[in-house]
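Please model the complete structure; the sequences and the hints are all you need to start from.
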Amino acid sequence: MASLRNDPGAANNRTQIEFRGVYKNYKNGTHALKDFNLKINRGEFVFVVGPSGAGKSTFMKLIMREEKLSAGEITVSGYKLSKIRRRQIPQLRRTMGIVFQDFRLIPTMTVAQNVAFPMHVVGASGQEIRKRVAYALNLVGLANKARSMPNELSGGEQQRVGLARALINNPSLIIADEPTGNVDPQMSYEIVDLLTEINRRGTTVVMVTHEHQLVRDFNRRVVMIENGTVVADNAGDFVPPAPVPAQEEKGGERE
Amino acid sequence: MNARSGRYLIGEGFKNVWVNRLMSFASIGVLVACMLIMGVAMCLTQNINKYLGNLSEQDVVLVYYSEELDDAAAEALSAKVGKMPNVASVKFLPKGPALEGLLEGMELTEDQRALFTEYLEGDNPLPNGSEVHIKDLTKMESTIKKLKDVKGVASVRYDADITKRITDIRRVVTVVSAGLMILLLIIAAVIVCNTIRITMFSRKLEISIMKAVGATDRFVRAPFLVEGVLLGLFAAVLSTGLLYGVYTVAVVKAAEALDGFTLVPFRELVLPLLGMFALIGVIIGFLGSRFTIAKYLRKEGSEFRAL
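Chains as they are written, first to last, in the working numbering: chain A, 1 to 255; chain B, 1 to 307.
Hints may be right or wrong, so weigh each one.
Claimed, not checked - Below are the SDA-like pairs computed for lysine to any residue, each with C-alpha atoms no more than 25 Å apart in a straight line: (1) LYS131(A) / SER5(B); (2) LYS146(B) / ALA72(B); (3) LYS61(A) / GLU300(B); (4) LYS15(B) / GLY123(A); (5) LYS151(B) / ALA79(B); (6) LYS139(B) / ALA178(B); (7) LYS145(A) / LEU103(B); (8) LYS61(A) / LEU297(B); (9) LYS91(B) / GLU110(B); (10) LYS27(A) / GLU226(A); (11) LYS34(A) / HIS210(A); (12) LYS61(A) / LYS164(B); (13) LYS15(B) / GLN127(A); (14) LYS164(B) / ASP136(B); (15) LYS145(A) / ASP71(B); (16) LYS145(A) / SER155(B); (17) LYS27(A) / LYS295(B); (18) LYS204(B) / LEU92(A); (19) LYS295(B) / LEU153(A); (20) LYS39(A) / GLN101(A); (21) LYS299(B) / LEU153(A); (22) LYS61(A) / LYS151(B); (23) LYS295(B) / LEU69(A); (24) LYS15(B) / LYS83(A); (25) LYS83(A) / MET106(B); (26) LYS204(B) / ARG94(A); (27) LYS299(B) / ALA71(A); (28) LYS295(B) / GLU206(B); (29) LYS204(B) / ILE106(A); (30) LYS204(B) / GLU73(A); (31) LYS204(B) / LEU153(A); (32) LYS299(B) / LYS131(A); (33) LYS27(A) / ILE106(A); (34) LYS295(B) / ARG85(A); (35) LYS50(B) / THR262(B); (36) LYS15(B) / MET149(A); (37) LYS91(B) / SER155(B).
Claimed, not checked - Rough simulated footprint, nothing fancy, chain B against chain A, three-plus residues with beta-carbon under 8 Å: (38) 59–68; (39) 107–120; (40) 123–137.
Derived by calculation from the structure, the hints in this document are not laboratory data. The C-beta atom is built at its ideal place from N, Cα and C for all residues, glycine as well.
Dropping the structure here:
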């Protein structure tokens, strides 16, 4: 496995995600990405915008390795996705937290159980899980809803549960696919505020959205995709603030 | 996957049985129905076999010894016959008591009897013989032949017809019940697979989330396997219980209907039945879950929505 990774622990390796000359063609003949190049450093907050059909979803799916790339190379958290083996995919996904537009909470589990779920996947102890779940729910402001069922919550609250679940394993990367798409406008700002707070603690955040007002109000790096390629990127204009050392994260340190 | 995950996954399996109780109920129902029919077939087979066993007890081979052998030599030969393969038991019938029995059976008057005794002048025209029970009736022919070949055996008498009939009935019962069970097993497997498929379909969201947060295939599969095995075991215990109820009624009715024939007691059947049911339940539950989930494990994220 070591040979497939770029040694993510190396001090000079600041790259979280890198797309180099990536092509993605679907079986139905769609060319979703064409010579796609993008580099996202650790600790960055990036909005990915573009019209529907531009390739935003493909971009996200390739990062999660839900889809295989057709040509080029993608590196995510040190994994080279052109060479990744099937059994390494779970490991790759554990380096990231995913926030979905449709929340994807398990309806038969309580809020706390939903948030704890990824910790069970990595085999954390009961004590670790309780501590970390309390911390994550506190962070998203839902400590009092731990025992509620997802259907008892509003859309915004459900998305905050999704956010707590995404950050529960203390990932170095959070990818959010239209996280505000099913949430009322005021709550959208709270969600992005939370993502900003998570980013401030050192986690890379990539958020796909089509809400341009939101993007304008949060002054962050914006990557615009059209016809499967990057057409605008204000990376040079924006210098991300230095991440503050995360104190509370210690309890959730993995492996 | 470590011990903690193992405990968690087994717990999840138990929980899933309850959370998806409607589907669990359906799966158990289907399994119980199949197991009950199989159980009834097995009980019938056992009882028919016992009944035929009773019949063949009465089916006796009579071996007569040469007149050249004296009583002691004939008795020694009878003991030798008892040790031959496929001979269950042997009972020596000395000619003296046999003649007595014969005379008794003729219901003679005192005078007639005296006349007979005088005529025989101490001679006994009957041969020494043995009553022989055969173990395996299907090998009857070869055993008879061997008996005839024994030096000192004058003749062998048996009812070839009834022996053959019992053997034939046994064979038909065995083949029919085995065929019935295999058929039911296939039907049960198909129905249970379908039930599990529906269960999984309704839980594709759960599976997609598991995969998204980095669960390995084994981790995704485990609770479903535990669930399948549990459903199989529940069904096994329930079927045995139900069959016990049905059987108890049948024993009472049979005692009234079948004169003198008592059914095999349930306690003799309960262990093989429970064993068979548990085995079937666990295998079907395990394999059914495994095969159906394989399809879902190959899917990724958004493909689940298209299912």
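Now the hints, each set against the structure:
{"no.": "1", "hint": "LYS131(A) / SER5(B)", "in the structure": "holds, 18 Å"}
{"no.": "2", "hint": "LYS146(B) / ALA72(B)", "in the structure": "holds, 22 Å"}
{"no.": "3", "hint": "LYS61(A) / GLU300(B)", "in the structure": "holds, 9 Å"}
{"no.": "4", "hint": "LYS15(B) / GLY123(A)", "in the structure": "holds, 18 Å"}
{"no.": "5", "hint": "LYS151(B) / ALA79(B)", "in the structure": "holds, 14 Å"}
{"no.": "6", "hint": "LYS139(B) / ALA178(B)", "in the structure": "holds, 22 Å"}
{"no.": "7", "hint": "LYS145(A) / LEU103(B)", "in the structure": "violated, 101 Å"}
{"no.": "8", "hint": "LYS61(A) / LEU297(B)", "in the structure": "holds, 17 Å"}
{"no.": "9", "hint": "LYS91(B) / GLU110(B)", "in the structure": "violated, 31 Å"}
{"no.": "10", "hint": "LYS27(A) / GLU226(A)", "in the structure": "holds, 21 Å"}
{"no.": "11", "hint": "LYS34(A) / HIS210(A)", "in the structure": "holds, 21 Å"}
{"no.": "12", "hint": "LYS61(A) / LYS164(B)", "in the structure": "violated, 73 Å"}
{"no.": "13", "hint": "LYS15(B) / GLN127(A)", "in the structure": "holds, 21 Å"}
{"no.": "14", "hint": "LYS164(B) / ASP136(B)", "in the structure": "holds, 12 Å"}
{"no.": "15", "hint": "LYS145(A) / ASP71(B)", "in the structure": "violated, 99 Å"}
{"no.": "16", "hint": "LYS145(A) / SER155(B)", "in the structure": "violated, 94 Å"}
{"no.": "17", "hint": "LYS27(A) / LYS295(B)", "in the structure": "holds, 20 Å"}
{"no.": "18", "hint": "LYS204(B) / LEU92(A)", "in the structure": "holds, 21 Å"}
{"no.": "19", "hint": "LYS295(B) / LEU153(A)", "in the structure": "violated, 33 Å"}
{"no.": "20", "hint": "LYS39(A) / GLN101(A)", "in the structure": "holds, 24 Å"}
{"no.": "21", "hint": "LYS299(B) / LEU153(A)", "in the structure": "violated, 29 Å"}
{"no.": "22", "hint": "LYS61(A) / LYS151(B)", "in the structure": "violated, 90 Å"}
{"no.": "23", "hint": "LYS295(B) / LEU69(A)", "in the structure": "holds, 22 Å"}
{"no.": "24", "hint": "LYS15(B) / LYS83(A)", "in the structure": "violated, 38 Å"}
{"no.": "25", "hint": "LYS83(A) / MET106(B)", "in the structure": "violated, 102 Å"}
{"no.": "26", "hint": "LYS204(B) / ARG94(A)", "in the structure": "holds, 20 Å"}
{"no.": "27", "hint": "LYS299(B) / ALA71(A)", "in the structure": "holds, 22 Å"}
{"no.": "28", "hint": "LYS295(B) / GLU206(B)", "in the structure": "holds, 15 Å"}
{"no.": "29", "hint": "LYS204(B) / ILE106(A)", "in the structure": "holds, 10 Å"}
{"no.": "30", "hint": "LYS204(B) / GLU73(A)", "in the structure": "violated, 31 Å"}
{"no.": "31", "hint": "LYS204(B) / LEU153(A)", "in the structure": "holds, 22 Å"}
{"no.": "32", "hint": "LYS299(B) / LYS131(A)", "in the structure": "violated, 33 Å"}
{"no.": "33", "hint": "LYS27(A) / ILE106(A)", "in the structure": "violated, 31 Å"}
{"no.": "34", "hint": "LYS295(B) / ARG85(A)", "in the structure": "holds, 19 Å"}
{"no.": "35", "hint": "LYS50(B) / THR262(B)", "in the structure": "holds, 9 Å"}
{"no.": "36", "hint": "LYS15(B) / MET149(A)", "in the structure": "holds, 16 Å"}
{"no.": "37", "hint": "LYS91(B) / SER155(B)", "in the structure": "holds, 16 Å"}
{"no.": "38", "hint": "59–68", "in the structure": "holds (count 4)"}
{"no.": "39", "hint": "107–120", "in the structure": "holds (count 5)"}
{"no.": "40", "hint": "123–137", "in the structure": "holds (count 4)"}
The earlier numbered hints that this structure contradicts are 7, 9, 12, 15, 16, 19, 21, 22, 24, 25, 30, 32 and 33.
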